Amino acid sequence: SLPRGPAMRCSPLNLCEYETSKLVRIKSVKLGSLKWALNGVILLVICIMLLWNKEYQEYDLVVSSVTTKVKGVAQTNTADFGEVVWDVVDYSPNEEKNSFFVATNFIVTKKQKQGKCPEVPHYGTLCRTDNDCKKGLWDIRSHGVQTGVCVKFDVTTKTCEVSAWCPIENTKKPPRPALLTSAENFTVLIKNNIRFPAFNFIRRNILPEVDGNYLKKCIYNQRTDPYCPIFRLGDVVQGARENFADIAVEGGVIGIQINWDCDLNRFFNSCLPKYSFRRLDEKESNRTLYPGLNFRFARYYTENGVESRTLYKAFGIRFDVMVFGKAGKFSIVQLIIYIGSTLSYYALVSDTNQIRVVKQSKKKSLQEVKPLSLHPRKV
Amino acid sequence: SLPRGPAMRCSPLNLCEYETSKLVRIKSVKLGSLKWALNGVILLVICIMLLWNKEYQEYDLVVSSVTTKVKGVAQTNTADFGEVVWDVVDYSPNEEKNSFFVATNFIVTKKQKQGKCPEVPHYGTLCRTDNDCKKGLWDIRSHGVQTGVCVKFDVTTKTCEVSAWCPIENTKKPPRPALLTSAENFTVLIKNNIRFPAFNFIRRNILPEVDGNYLKKCIYNQRTDPYCPIFRLGDVVQGARENFADIAVEGGVIGIQINWDCDLNRFFNSCLPKYSFRRLDEKESNRTLYPGLNFRFARYYTENGVESRTLYKAFGIRFDVMVFGKAGKFSIVQLIIYIGSTLSYYALVSDTNQIRVVKQSKKKSLQEVKPLSLHPRKV
Amino acid sequence: SLPRGPAMRCSPLNLCEYETSKLVRIKSVKLGSLKWALNGVILLVICIMLLWNKEYQEYDLVVSSVTTKVKGVAQTNTADFGEVVWDVVDYSPNEEKNSFFVATNFIVTKKQKQGKCPEVPHYGTLCRTDNDCKKGLWDIRSHGVQTGVCVKFDVTTKTCEVSAWCPIENTKKPPRPALLTSAENFTVLIKNNIRFPAFNFIRRNILPEVDGNYLKKCIYNQRTDPYCPIFRLGDVVQGARENFADIAVEGGVIGIQINWDCDLNRFFNSCLPKYSFRRLDEKESNRTLYPGLNFRFARYYTENGVESRTLYKAFGIRFDVMVFGKAGKFSIVQLIIYIGSTLSYYALVSDTNQIRVVKQSKKKSLQEVKPLSLHPRKV
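Residue numbers (this note's numbering), protein chains in the order written: chain A, 1 to 379; chain B, 380 to 758; chain C, 759 to 1137.
Looking at chain A on its own, in the form it has when it is part of the complex:
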């Protein structure tokens, strides 16, 4: 009474046999509802995640190029140097790829020449006799190399003499208020070209639909002019929740973030820059030993064959332009991969259900469970 048919002939190869789980169909409102409810919930979760995280999309990261151009002039009037006008070449000595520096405060030391002069007095340079100094000595805070001689610094103080650029920069603290607080009104044009290589998509932050006359006059404002690429430095600093007059004294680092979140699908097409500002370095200058941002540069001259220089200790704000970006586009491959990855959750549900069914049947009656053993014929 074995089932015989054409399939039996190919049994050695096992190719025409088909094994599958034996299904049990239970007519039960409770179990049926449970199954459909569970499946429904999972499907809902999967669909919500699909739409929410846009799992059906292929993504690409941005390749970006940034150029910046600062504009503005400032005038200072100090006792030492009289009226001086500062333009962009003076206060922005460095050009960098993704950042620009605007000096807002200066300590200027004019007419430095190579020579010998008394070191600035601090612990370790004070002396009474030549024996307190040592030829060739220098440490981290030195401005020159000691000559081994003890000389008068002023009427009351004697310090070790050093070979250095003389006279030595004397002031420690930057002027308060900052010399170039009017830098607040300087503007910067940021040109940002982006590209999503995978989609061969290019765009720039000067939007094509924007009018030329508008661009000549506009200033970025989050609400009224969110797509103007010209920024007032004061607004940028304020956007980072800082006070320009404060940060101008000792300097700092401000991040200008440009965020491109692009949807390149035909119907939801959108790709616009979003600007945000944030201070990147430590704010509280009293909590740290080395506050703010400053660096030194010099202009070198020669007079009658002797080289001299003007030393500038420039305190200022470095603006780091950081471009983030992601573009998404519908991709059938991504959709299939996502669906595949959700299948295991369905498997989980059917496993759970199996367990439930067995427990259920146990409670009902013992003899109904017995046939489920591998030896049903023995009953």
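If you're looking for bench data, these hints aren't it; they were derived computationally from the structure. Incorrect hints may have been included.
Said to hold, decoys possible - Here are the simulated SDA-like pairs of lysine to any residue, each with C-alpha atoms no more than 25 Å apart in a straight line:
(1) A:K111 <-> B:G527
(2) B:K489 <-> B:Q454
(3) C:K974 <-> A:D139
(4) A:K313 <-> A:D246
(5) B:K692 <-> B:I716
(6) A:K283 <-> C:L965
(7) C:K871 <-> A:G305
(8) C:K930 <-> C:T1068
(9) C:K1084 <-> A:F324
(10) B:K433 <-> B:N644
(11) B:K551 <-> B:L568
(12) B:K551 <-> A:N213
(13) A:K217 <-> B:L568
(14) A:K216 <-> B:I519
(15) A:K116 <-> C:T836
(16) C:K829 <-> A:I107
(17) B:K531 <-> B:T508
(18) B:K495 <-> B:L505
(19) A:K173 <-> A:F297
(20) C:K930 <-> B:R611
(21) C:K892 <-> B:C597
(22) A:K326 <-> A:N213
(23) A:K329 <-> B:N432
(24) B:K448 <-> C:E1000
(25) C:K1041 <-> B:L568
(26) C:K829 <-> C:P935
(27) B:K495 <-> B:T689
(28) C:K910 <-> B:V463
(29) B:K552 <-> B:I519
(30) C:K1071 <-> B:P576
(31) B:K531 <-> A:K173
(32) A:K158 <-> A:P121
(33) C:K869 <-> B:I519
(34) C:K910 <-> C:T867
(35) A:K283 <-> C:P933
(36) A:K216 <-> B:K551
(37) A:K217 <-> B:G618
Since this is a predicted model, take the numbers as computed values, not measurements.
Starting from the structure of chain A, add chains B and C where the hints point.
What follows is chains B and C alone, placed relative to chain A:
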């Protein structure tokens, strides 16, 4: 007639019970073929994806270091300055980590001194009387701070006087053709050292098998010399599908992409740089208000104690060297993870088959389906 | 004898039917143990991977900002220039965002003026008569543009005359030992502020618990002072397993890696910087044509209206500060996703078990397998 054996003794702990799906073996050429065909297709797809995407590999991203060295001299002969020779120090004033700038065009303003002079005439600076000017005023396009006086700019025009570096830079448009069009023949040596930390693998773009004499003379060419690290600037610009004489006038940004796609497996070992070039900024200068790339720098002098400067507005090309890289190596862990992730697709197939079988059996005869209910004994 | 109940009424919609695999419960110590052993092993592997790779965590990458400040002075005493003191403005002419350059060796060419002079002799510039030279010619190694005249370079050699900055830089090889080997004792303060945007977490490498007096004096040491942000350049180079005196001659690139591996969970909270150093460029100078790192810069002067410059070929070390970072925090969503992704492995086990059971039953007796066919009633 319950099955009794040694297993019965440990039933309270349930440890020696084993539950599994009851399998149904169907002898059917149709179903058997279907099953094998489906499994075969899935296996094929999985294997193709495995080999195509090299899913059996572990990946690491590149850590890169770039240094560049530009060579070349150019001679200009202008009415204003006579014969001038420009070498790399003159036309490449900035050194940066991953990019270099080559100035190709200049607007030079000599002998600027701090002082007072009439502003360049444009809308807002023209005046008739002193009342049209306002002391302390300046805007984005100003070159200095207004003194409140209206002075003669030339025979026909009067403009507001400003405190500024005088004389003010006058020319707006860059010379055409560019002064240093011969920069096309300059060369740049790009040294790129890469490292894949995960594999402790280092390499440089000056390949070890390349001959020293070859390196002294070679120039990169995509077809004939694809591994020469010395590039002619004209070739780079041409590789980015731009015309050097055009881009030289107003400047621009060109990306030099170095792509390392490395296979570090023993038998397919390959790790060679691939160069490609691309313009990164907007091309059409007429479509945009702020075309090209330029910045200002100055050389400061002092004569008889008075500081003066020569202002250079340099138009030029910034070359951004961008290094991309990925190395793959066979990893048994990756292979297992990949295989694991494909299992859910198999689960899908067996689920689909289950449904198929049930539908099939329904059509055949109703009484054959009935025994599949949970109460087979009641039949 | 069909099962009848309230479920039958809704059969057309199939909503109250429930299909599940028919389970077989086998009482067998062998199979039961196998099942539990397999499940246990998988659970163990999954749990180990969960804890080891911290799969239960959500991750975010670091956003970083770096500022650096080099300190130190050096004195050189050469036959050409006498005693000269170098401070940071002299030896570190470039400021960059994530890197700083310290010149350690110089070739200085003083008092260059625009003019005509004999080219430095090398292959291609030697000549006997004016016919060997060609007006307007220059190549990669030229220092100027040929005038077409053959002039005396020294008593024995004649070279083509060039329009150039004269006199031409003559020395090829850098001084040995390097002029500023004492740069070894220079120090650099590295300020690194990091941020994990997803967790709104900020931190800096100057740790809040560190004492101000300690910071004033400390020097980084991997064992004794691992959190001091001030580094002695000699230590950094030694940490990269290089000899400072060697690298100082021709220059090189050293990477300073700051690694932030942060655990932001409440109980395992830790977020400390870890420093490591590594040479980024090729070490062996004899294996390569273009060893080390050098670039040229100039200081421009004017005397009696004639511009001149001092040309510096600076060999030195560029220190690239590279910040890597990852922060993890427990995330219930990540845990669910991870558990979901492991389910397919369980599915694999139950599939494997199914096959095992069938094989087992085959061996036992043929008639026990037969009931597994779709037509059990026909037996």
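Item checked: Straight-line alpha-carbon gap K448 of chain B to E1000 of chain C, limit 25 Å -> 24 Å, holds
Next item on the list: Would you mind confirming whether the straight-line C-alpha gap from K892 of chain C to C597 of chain B stays at or under 25 Å?
Entry: 23 Å, holds
Notebook entry, point to check: Would the pair K1071 of chain C and P576 of chain B pass a check requiring their Cα atoms to be no farther apart than 25 Å?
Noted result: 33 Å, violated
Item checked: Hint consistency between K329 of chain A and N432 of chain B [alpha-carbon to alpha-carbon, up to 25 Å] -> It holds: about 20 Å lies between the C-alpha atoms, which stays within 25 Å.
Next item on the list: Take a quick look at whether K313 of chain A and D246 of chain A sit within 25 Å of each other, Cα to Cα.
Entry: Judged against 25 Å, a Cα distance of about 18 Å means the pair holds.
Notebook entry, point to check: Under the criterion that the straight-line Cα-Cα distance not exceed 25 Å, is the pair K551 of chain B, N213 of chain A satisfied?
Noted result: Distance ~18 Å between K551 of chain B and N213 of chain A Cα, so the pair holds.
Check: K283 of chain A and L965 of chain C: Cα distance at most 25 Å?
Finding: Measuring from Cα to Cα gives roughly 14 Å; hence the hint holds.
Item checked: Straight-line alpha-carbon gap K930 of chain C to R611 of chain B, limit 25 Å -> Between K930 of chain C and R611 of chain B the Cα gap is close to 23 Å, so the pair holds against 25 Å.
Margin query: Hinted pair, alpha-carbon criterion (25 Å max): K974 of chain C, D139 of chain A. Please report holds or violated.
Written below: Holds, at about 12 Å.
Next item on the list: Sort out whether G527 of chain B lies within 25 Å of K111 of chain A, counting only the CA atoms.
Entry: Given that 25 Å is the threshold and the Cα spacing comes to 33 Å, the pair is violated.
Notebook entry, point to check: Does I519 of chain B lie within 25 Å of K869 of chain C when you go C-alpha to C-alpha?
Noted result: Status violated; Cα separation ~39 Å.
Next item on the list: Could you grab the alpha-carbon distance between K552 of chain B and I519 of chain B and see if it respects the 25 Å cut-off?
Entry: Holds, because 18 Å separates the two Cα atoms, which is no more than 25 Å.
Hints 1, 5, 11, 13, 22, 30, 31, 33, 35 and 37, counting from the list given before, are not met by this structure.
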